[in-house]
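As a plain string of letters, each chain reads:
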Amino acid sequence: MIVSPDIEARRRWMGLLARAGHDAIEAQLTAAPPLPPHARLRGPETGLVMLRGRAGGDGAAFNLSEMTVTRCAVSLADGAVGHAYVAGRDQRQAELAAVLDAALQDPARRPALMAAVIEPLAAAEAEARAAQSRKAAATRVQFFTMATMR
Amino acid sequence: MITPAFADPVRDSQHCFRAVLEAMSRPGRVQRLPQGLVPPPGLDAATAAVLLTLSDAETPLWHDAGDAADAWLRFHCGSPSATLADAAFVLATTAMPALAGMNAGSDEEPESGTTLILQVASLEGGAGWRLSGPGIERHHHLSVGGLPANFIGDWQAQRGLFPRGVDVLLCAGHDLAALPRTTMIEEG
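In order, the protein sequences belong to chains A and B.
For the first sequence, the positions run 25 to 174 when the working numbering is used.
For the second sequence, the positions run 930 to 1117 when the working numbering is used.
The set of hints was computed from the structure by calculation and includes no laboratory data.
Check each hint, because a few of them may be wrong.
Stated by the list, open to error - Covered by chain B, per the in silico footprint, the following chain A stretches (three or more residues, Cβ under 8 Å):
1. 62-73
2. 120-133
What the hints assert, rightly or not - Cβ-Cβ distance ranges computed for the label pairs, FRET-style:
3. B:Ala1029 x A:Arg78: 36 to 44 Å
4. B:Pro1026 x A:Arg34: 50 to 58 Å
5. B:Arg961 x A:Ala152: 49 to 57 Å
6. B:Gln943 x A:Arg34: 33 to 41 Å
7. A:Tyr109 x B:Met930: 16 to 24 Å
8. A:Arg78 x B:Gln1085: 45 to 53 Å
9. B:Pro938 x A:Arg78: 28 to 36 Å
10. B:Ser1051 x A:Asp82: 54 to 62 Å
To be verified - A short list of chain B residues far from chain A (calculated; beta carbon distances all over 12 Å):
11. Met1025
12. Ser1035
13. Glu1053
Only a predicted model underlies this, so the values are computations on that prediction, with no experimental measurement involved.
Glycine included, every Cβ here is placed at the ideal spot set by N, Cα and C.
Could you build all of it, start to finish, from the sequences and the hints given here?
Here you go:
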C-alpha cells in the first residue's frame, strides 16, 4: 500500500536529487540499502523546455530561452511511480533520481534512504552554499567611505 | 499501473505516422503496424500507437476507453480532456457518439475538424463496403467487423457538410485503415 507522502517533503527530496550530480548520488548509495528493481516508463530522455518570463509585474509572458532538461519516469514492482526532471543531460542522474523518488514514497523504505542519501545530499548542498557565501562575503566592498566623503 | 509506451519513441512514432499517412492517402487500404507495443487495457495496439503518434499536449482528446487507458494516455500523450464538440481527437472504443456532435471545422478552416479514432473488432480488405473517391483509382473493398450501427447513417449525413467534416481512422488489433471525409461508402 502506497501512502502518498507529504508534498513538501517530496518536493524537497526531488529538488535535492535534481541538483546533485549522478556521482554524488552514487557515492551516497554505496552505504544505502540496495534500490529495488525498476522498469522504465519513459526515458531517460533529453529535450528542451521553454522558459517563460514576464516583463514587469503585469507584463505579458514572453519566451525567455530554452533550457536542456533530462526527464525520466520509472515504476517499481509495487506500483509506485517515480519522476525526475533534472537540468542538463545527465541521464544516469535522472534515472537514479526517479528510482529514489519511487522508493522514497514507500514508508517502509523511506527512513533508511532519507538518512543514507537525502540528508547527506542536503548537508553537502548547505555546505557548498555556505562556502560560496563566505567567498562572496570576503570580497564585499563597504561603501561607507564614499558616503561620508560627500 | 502504467506500462511503458514505444520502446524507441522516435523511430516507432515515425513508423506509425507513415502508416497513418499511407492509410489516409489510400482510403480503405489496411495498413499493418509493427508488433511490440503493449497497449493499456481497453485499447488495441494500433489505437494506442496512433494516439501516441498523433496526440500531445496541444490536441484535446475525448475518449470512452476507461480509467486504466485514461491514466496511460494522460501520462504518455498528455492530452487535455475535452468535450465532444471541442476535441481534436475523439477515441471511440465501445459505442460511437454521433458524428454530428463533433467539430467538423469551419468553411475557412476545414482542416480543424475532429479526427475520429474508431476501435473496431476487425478490418479486412477485399470484401464488404465498396469505397470510392479521391485516392482510389476505381474502388476498394473494405469489411469492418464490429462497427457501431449508427456509423453508415452518420457518414452519409456528413457528406452534405463538405468541405467540413470528420475524418475517421479505423483501428483493430495491429491493423489500421482510414476513411477521409471525401470517401464514398456503398454497402454491398
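Comparing the hints with the structure gives:
1. 62-73: Our answer is that it holds, as 5 residues pass the Cβ test (under 8 Å) against chain B, meeting three.
2. 120-133: violated (count 0)
3. B:Ala1029 x A:Arg78: 36 to 44 Å: holds, 43 Å
4. B:Pro1026 x A:Arg34: 50 to 58 Å: With Cβ atoms ~39 Å apart, the hint is violated.
5. B:Arg961 x A:Ala152: 49 to 57 Å: holds, 56 Å
6. B:Gln943 x A:Arg34: 33 to 41 Å: With a Cβ separation near 36 Å, glutamine 943 of chain B and arginine 34 of chain A satisfy 33 to 41 Å, so the hint holds.
7. A:Tyr109 x B:Met930: 16 to 24 Å: With Cβ atoms ~22 Å apart, the hint holds.
8. A:Arg78 x B:Gln1085: 45 to 53 Å: holds, 52 Å
9. B:Pro938 x A:Arg78: 28 to 36 Å: holds, 33 Å
10. B:Ser1051 x A:Asp82: 54 to 62 Å: holds, 58 Å
11. Met1025: holds, 31 Å
12. Ser1035: holds, 28 Å
13. Glu1053: holds, 35 Å
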